Amino acid sequence: MKRINIRRRRGAVMARFVQIIEFKTSRIEEIEALGHPSRTEGTTAPTFGRIMATADRDRPGTYLTIVEFDSYESAMENSDRPETSDFAAKMAALCDGPPVFRNLDVQWEDTGGADAGG
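So the sequence shown is numbered by my numbering: it starts at 146 and just counts up by one.
In case anyone wonders, no lab produced these hints; they're calculated from the structure. Keep in mind it's a predicted model, so treat the numbers as computed, not measured. Be a bit skeptical, because a hint or two may be false.
Unchecked claim - Quick list of in silico lysine to any residue cross-link-like pairs, SDA-like style, CA-CA up to 25 Å:
hint, residue 1, residue 2
1, 235, 179
2, 235, 193
3, 235, 176
4, 235, 247
5, 169, 244
6, 235, 217
7, 235, 248
8, 235, 170
9, 169, 221
10, 169, 180
11, 169, 241
12, 235, 197
13, 169, 237
14, 235, 212
Construct all of the structure, not just a fragment, from the sequences and the given hints.
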């Protein structure tokens, strides 16, 4: 029987935070080209842990960017970076409508490993 590796703080919600940005565009290549330098260059270091860019198979032209942070505060610190604000404004101009932001506190995660987490 396979053991599921679920990480969860006992008695508390994990501090990690995920932001999902959903947007529609016919100009995804321009958004991708725009985004890469602004995520890693600038006056202050980015605070995210990982970014995943995805395309919705069921809704062509719809994309979701999933950004992982250590905490909500870390996400807000990243949002305050001038580079992030500049990217967001340029990205919005390339979208077919306003992006939708989902702000999610991580409750638990399954890493798919063989060892059960504590």
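Below or equal to 25 Å on CA atoms is what counts here, so check residue 235 against residue 179. Holds: residue 235 and residue 179 sit about 8 Å apart, inside 25 Å.
Would you check the hint for residue 235 and residue 170, treating anything up to 25 Å between C-alpha atoms as holding? Given pair residue 235, residue 170 holds - Cα atoms ~13 Å apart, limit 25 Å.
Restraint check for residue 235 with residue 248, where alpha carbons must lie at most 25 Å apart: Within the cut-off at roughly 21 Å; holds.
Take a quick look at whether residue 235 and residue 217 sit within 25 Å of each other, Cα to Cα. With a Cα-Cα distance of about 24 Å, the restraint between residue 235 and residue 217 holds, given a limit of 25 Å.
Tell me if the straight-line CA distance from residue 235 to residue 212 falls inside 25 Å. Status holds; Cα separation ~18 Å.
Are residue 169 and residue 221 close enough, with their CA atoms no more than 25 Å apart? At roughly 24 Å apart (the allowed maximum being 25 Å), residue 221 and residue 169 satisfy the hint.
For the pair supplied as a hint, residue 235 and residue 176, confirm whether the alpha-carbon distance does not exceed 25 Å. Between residue 235 and residue 176 the Cα gap is close to 8 Å, so the pair holds against 25 Å.
Do the alpha carbons of residue 169 and residue 237 lie within 25 Å of each other, as the hint requires? This hinted pair holds, its Cα atoms lying about 10 Å apart.
Between residue 169 and residue 244, is the straight-line Cα distance small enough, at 25 Å or below? holds, 7 Å
Pair hint outcome, residue 169 versus residue 241 [Cα-Cα no greater than 25 Å]: holds, 5 Å
Taken at face value, is the distance from the CA of residue 247 to the CA of residue 235 at most 25 Å? Given pair residue 235, residue 247 holds - Cα atoms ~20 Å apart, limit 25 Å.
Please work out if residue 169 and residue 180 have their alpha carbons no farther apart than 25 Å. Status holds; Cα separation ~16 Å.
Checked against the numbered hints above, the structure breaks none of them.
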